[in-house]
Structures are given as structure tokens and as C-alpha cells.
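Using the sequences and the hints given, assemble the complete structure.
Going by mature numbering (1 follows the signal peptide of the UniProt record, and there is no 0), the letters in the sequence shown line up with residues -22 to -1, 1 to 752, in that order.
Hints in this document: simulated from the structure, not taken from any laboratory.
Treat the hints with caution; some may be incorrect.
[As the list claims (entries may be wrong)] Derived SDA-like pairs (lysine to any residue); straight-line CA-CA distance at most 20 Å:
1. 187 to 231
2. 515 to 530
3. 214 to 225
4. 539 to 585
5. 425 to 66
6. 51 to 568
7. 614 to 591
8. 569 to 584
9. 187 to 46
10. 18 to 425
11. 211 to 51
12. 738 to 604
13. 138 to 209
14. 457 to 447
15. 676 to 660
16. 218 to 253
17. 738 to 666
18. 72 to 390
19. 214 to 134
20. 304 to 138
21. 51 to 127
22. 614 to 658
23. 322 to 265
24. 138 to 51
25. 187 to 228
26. 218 to 188
27. 376 to 66
28. 72 to 425
29. 51 to 105
30. 614 to 550
31. 457 to 390
32. 477 to 585
33. 51 to 447
34. 138 to 256
35. 304 to 46
36. 304 to 49
37. 322 to 509
38. 676 to 666
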Amino acid sequence: MRKRTKFLAVSLAISVIAASFSGFTYYDGFGNVYLDSEKKIFDGVTYHEQIGVSSTNGMEKAFFVQADTLSGKVQPLVFNGEVRSVATVGTMAKYAEEQGYKVLAAINGDLYDTSTGTPKGLVIHNGNIVTSGYAPDRVIAFDSQGRASLQYANLSYTLKGTLSYEDNSTGVVQQVQAPFSSNIDYYNVPHGAAKGLHLFNRHYASSTKTAGSCIEVVVDCGSADNIQMQIGKTIKGTVKSVNVDAHNTPIGANEVVLSTVSGSASASQLYSMVVGSEVEIGVSDNGGTGLANAVEAIGIYYSLLENGNIVTSGTGLNPRTAVGIKSDGTVVLYVVDGRQTNSKGLNLVQVASHMKALGCTYAFNMDGGGSTALYSRLPGLENAVSIKNVPSEGSERKVANGLLFVYKAGSGDSTAQNLNLYPSLTLAMPGASVQINSYASNSQFEKVALPSAINYEVEGGNGSITSNGLYTAGDTEGKVNIVGTSGSMSGSTQVEVVKNNLTITPSVTNLYLNAGQSSDINLSVKSGPINVVSSDKTFTWSCDAAIGTIDENGLFQAGSKNGVTGNIYAAYNGYAITIPVQVGSMTVDFKDTTDHWAKTYIGSLAARGIANGMGDNLYLPDAQLTRAQFLALLAKTLDNVDISKSNPAGFTDVPSSEWYYNYVNWGYENGIVSGMSQTTFEPNTNITREQMSIMLCKFATSQGLQLPQNASAISFTDQAAISDWAVNYVNTVVGAGIINGQPEGNFQPQGLATRAQAAKVVYVYLNVRDGVNK
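So this is what it looks like as C-alpha cells:
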């Protein structure tokens, strides 16, 4: 059996592209949706993915969960970690499970102060106010029935206590005690420029985290339950201490702390409070909006939709997180990826329009950008939630809070009650095969063992399926429903058969090989932005007789003569692709490579215009090469790519006047390279062997090429010297046979690569990419 390199081409150099697309659903704000999958993940809860293309933004990816929170089965939950801490949404989900919940879905929440982790808006969890927020405005509130609503956060926090002061009205100075009342400006919010009166409890942190000269009054409330702030209620306590010229006062589990900076309007009151006296602290809803009924509440950034009307503006494309409410009370947790080549992001009006198209009458923008994250659990396949979108910064950002859909753990058992088929939706050409896999879940859609074999059926007969679930697509276009049964359980999934409106891209656009060598040609197929499963045998293959032969699977065998040229042809349903072939690669000879071990690699790359000499017909094979020079080698392996169209990377040491300016911009835009710091690239720094491995791996990924792994148990004598962040990349290129270790058994990760070594690396990479075999 031939090993085939998986190639999902993104270059359209020789692609056949249809003039228009039809038959796909259009969503306002999002565009034509080419993939629209839905999976039931719990009673009343579904997980969705959409991939679409708009005329203004290009490709977009959205992920969302819709839940019936009124059923009593699904509970909305606002993550309630300490105010002065941040965590990833994944960590929030793990914490919730440690508290006895099972998490179905979770998204990041409100905007926050990145220096302190404090949310902008009001937070309520389990009826208790966690923080007033530093700039509270509106919140999404959930009542005890799970009903979601938009509410204005207009709360007042009041303090009542006893002051002691000197009175000389009778001519005799004496200490007098008197009651006083005051407004509290902030609850569990750090000190700021307003110099207000602040209240802290253990929801905030283990101490007040204040600095400088402050007055801080510790109040003992008797128990941890008595420190909880609730709307319409008061807490009582006894003044334990009045700390003058203090800061960062510890907060006990049973305590609250009143704090202000020395010299503020509230300072004299706190200074005069009486140790041992009683204190009352209350919270009231000034607007009477219904927040008193809120069990969970989280602040929003912007309102997008109200009563079905778009109430926002903004043109910036970014990753977005949003929450929507439908007219029937269904709540939607929504994210769209952004700042990526395969998903640019949406502006606020587009998010509002898309959510309206999804059926929402209210929608709210949350913190987005690098904070955007959505987790969900796929039934039968996953034991816990996992992240579904791709964070724009490459990894998940820690945020202040999040909104989760949960249910109480322990209500499910090991009995299989649901059959879940995957993948959820696949596009396939006629004759292509798709593996359908089945997994069981219990009454709570939790993963359990399959009790018996699965029987599969293709409804409508468009294609066939084996007893092991291998579906082969029929010749009729349209969605095919595949049903699996096991005992009393049944489940289904869909495959959409497509024949038209396709983009077909060969894995190689110009083939160079020697007489007697072979090349396994792959064709990647897309419908819009969606990969379509295809079969080599779907295409009709042929080639010019002078260059060799090609079989029905696209395996080309070069003839016995060098120095000949011709073409390979692939055809399907009116689509035709031509691949120029040269058998017996031309070579360029340099004066200093005549007897060099890398002569073949250098000469071949130079003949193809990939490698250049250094003047006077010299290549300088043993000289070191820079980061910019290796990046340029990689770029030149691509046909018809205009690097000058790349956006500026913004590195201060990459001026537009330098030859490598466009190469660096192109590499940065495609995720192939990053800076050596936030502002510098160091283009003229010599590249190390591990850096070359990283750059090559990221280049392959940017081209949709998965490097084949032909070696196992990779180890070098200097394994420990390979940087942690480079290990996986080194193992990948070594496993693919592109870069080798040294004869002594070491890799020399920090060793500087030579121009000859780089030429061999690129030469071998091209053979891997083009499927060339000896």
C-alpha cells in the first residue's frame, strides 16, 4: 500500500474555480454558509459550527451553543473565582466540575482590567454579589427559573455605623458617640483615582491589596455566610479594628473590610468608627429592574440587539464573543474566530446581524479579541468540555469570568441510551469514502461503552456503507442521512455529496524529478472554504507519453529518459487540471560546489529559481545563512504567490528598503515566523538548526501539508539541549526524514545552519511535498 501525504492545499495557483456558488444558506452579517453542522449534546442543548464566506470579509468560522435554560435541566452559572484572579475558560470549567457540576458549554465573559483582573460590570453568583464592577452598566441576568434578561445595574451600597468624636458644646471637651450613614462607592473593586469608599470581602482576595496610606476598618460578621452581599438585604457585623495609615489588610473568612485612602472624603468617618460597635451594610436596587430576582448575572460590553433591532455600530473586524436570547427564552453562547487567515472576524453590526439571523431578539457583545473562547462537550466522544474555536493569540487567554451551562453531576449511570454518530457533517465527492464512527452516551449524554455492534443504513440509497461504517458516496448531489442502530438506540449523521462549484488544487503545481522516479499526485478539493473528501479514482488521469505513465490513483512513473518535458492531466465533470513536468531536472553549477556533497541539492534549487548564488558564480555552501535568507528560500518554493501583498509585520528592524521586507511580512502574516521580541525580527541573525526546524514545520502547516512520520522513538545524545518549545518541531522534521542528526548521534540544535544544509532541507521537503519517490 502506498503511503500518501495528506495535503490540504491553500494555494490556488492552478486551481479550477467555479464562477459562483449556489445552494447554500445565506446569513446576514456572516455570508454564504458552506458548512452548517448541529449536534444534540443534552436535552434541550445543541452545539453548532458554521463556516461561511462573505463578500466583504472572506472566510469566517462561528461556533455556538443553544440551550433551553427554562427546562430546569440546564443551569446557567457565572464563574465565581476571586475577583483579583484570572483564569482560562478551561480552568473555570474544571473548577465547576470539582464543585459537583458537569459542564456542557462555557464562554469567556465581561471586559476586565488586565492589570488587576477586575471585571467591568456587576457579577452575581448564586444570588450573592461577587463585585459591583468598576464601571457597571448592564448585565445578562438569570432568575431562579433560568430565564435570561437584560438588566441595568443601578445598585446602591450603604453603610450604617457609629462614630466617636470630641464635643465641646458645653465648654467641656468629651468623647461623644453618634450614628452615621454613608454610601459605599465600590464593592470588591481596587482603589482608583476616585478616592472613594471601598468594601472588600473574601470574594475579592485574601487581602485588600491596597498600597500607600489608607484607613481600613475590619468588620467581623460572625460567619462566612454573613459576609455575602445580596440585593435588598443587609449584613451586620462588629468593628474589630480601625487601622490607620495601613494598607493590604488581610481579609478573614468571616470579615469584610472598609477601605479608603487617607485624606479622602470618607477618611474621617472610617477613622472615627468605634471598635466593638455594630455595623450594617445594605444593597438596594434603585431602578427596581428585577435584579433582586437574579441568581446569576454577568456584565456585558455592548448591547447588539434589543427587541430584534440592531442597536450598535462599529467596523473593526475582530474575534467576538456574544450571548443571545431568542423569543422563546433559548440562550445562545456564540463566538466567531478572527485575526486569522481562515477567519478574519466580524464587526459589531455583523455579529448583531448574524445573531438576529440565528433567531435572537436580544444579543450582547462580551469581551472579545484574544479573550474569545468557547468550550463544549461532544456526547459519547468526550468526557469533558474542550475548546472548539481557535484563539487568535495561539493559546487561550486568562480572563476575569465566564458564563457556563451546567447540570448536577451524578444523575447519569453507565447505561447506554443515546447513539452518537461522527463526523457531524462531511462534504464528499461521488465515489469518495467517509468513515462513520459511533459512540454511546447515557441519559445525560455522558460517554459510556457501546453495548453491541452497530447496524448502518443509508437512507435514500445514495451510496453504500459497510458494517464497519465506511460510507462510499453515491453519484447524486445533496445531503445523505446515515442512520446507525444498536438495540433500541439510534443515531444519525449527514454527508453532503457535491459535484459542482468545486475548487480543485493539485499538491504540486510544477513537477521536477529524475528518470525512473515516481510522484504520487494528490488533489485537494474544496466547496467554498470547506474541504471535500475525494477519491483519486474519481478523476480521470493521463499524461504525455514522452514523460512516463500515470495510473488511476494519480501515481506518476517517470520514463527512462532525462531531459524531457510534458504534462500530467486530471479531469472531472468538466474540470481540467494540467501539471507541467520536467524529467531530469536542470542544474546550475557554481565554481565552489563542483565537488561539494550538496552539489545536487544546490544546483537543482538554483535551476528552479529557488536558491541564488552570492556573486562571481559562487554559492558559498559552507557559509551560514540568516533567518531572512531561509524564509526567502521557503517562499520561493511556491508558485504565483505575491509576497508584496502581505500586510506589514511592524518590526522595527525590518525597514521597507531592505530586500527581505516583503518576505518577513509574508512569513509573519502566514504564521511561519514570529519576532525575537515584540518589536524585532533579527533578519540578519544566523539561523540555528532548531529554528530552521520550527520555520519549516510552520511553513508546511501554512500550506496545509501534514508531514509524514516515518521514524519512531526519535532521540539524540543532546536531546536535553533542544529548547522545550522546539522539541515537537524537531521531532516532526526528523520523523519526516527532512533533517537528520549528526553522525555522532547528536542534533546540535543551537548549531548554526549552513547554506548547503538549508539547500538539502528545502530539496528534500519539496520531494516530500510533491510525493517524489526513488
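A quick look at each hint next to the structure:
no., hint, in the structure
1, 187 to 231, "16 Å, holds"
2, 515 to 530, "6 Å, holds"
3, 214 to 225, "23 Å, violated"
4, 539 to 585, "19 Å, holds"
5, 425 to 66, "24 Å, violated"
6, 51 to 568, "75 Å, violated"
7, 614 to 591, "14 Å, holds"
8, 569 to 584, "13 Å, holds"
9, 187 to 46, "41 Å, violated"
10, 18 to 425, "14 Å, holds"
11, 211 to 51, "29 Å, violated"
12, 738 to 604, "16 Å, holds"
13, 138 to 209, "16 Å, holds"
14, 457 to 447, "17 Å, holds"
15, 676 to 660, "18 Å, holds"
16, 218 to 253, "6 Å, holds"
17, 738 to 666, "15 Å, holds"
18, 72 to 390, "19 Å, holds"
19, 214 to 134, "17 Å, holds"
20, 304 to 138, "43 Å, violated"
21, 51 to 127, "19 Å, holds"
22, 614 to 658, "23 Å, violated"
23, 322 to 265, "40 Å, violated"
24, 138 to 51, "42 Å, violated"
25, 187 to 228, "9 Å, holds"
26, 218 to 188, "19 Å, holds"
27, 376 to 66, "4 Å, holds"
28, 72 to 425, "17 Å, holds"
29, 51 to 105, "19 Å, holds"
30, 614 to 550, "30 Å, violated"
31, 457 to 390, "34 Å, violated"
32, 477 to 585, "39 Å, violated"
33, 51 to 447, "33 Å, violated"
34, 138 to 256, "9 Å, holds"
35, 304 to 46, "10 Å, holds"
36, 304 to 49, "15 Å, holds"
37, 322 to 509, "18 Å, holds"
38, 676 to 666, "15 Å, holds"
Violated hints, in rising order: 3, 5, 6, 9, 11, 20, 22, 23, 24, 30, 31, 32, 33; the structure is consistent with all others.
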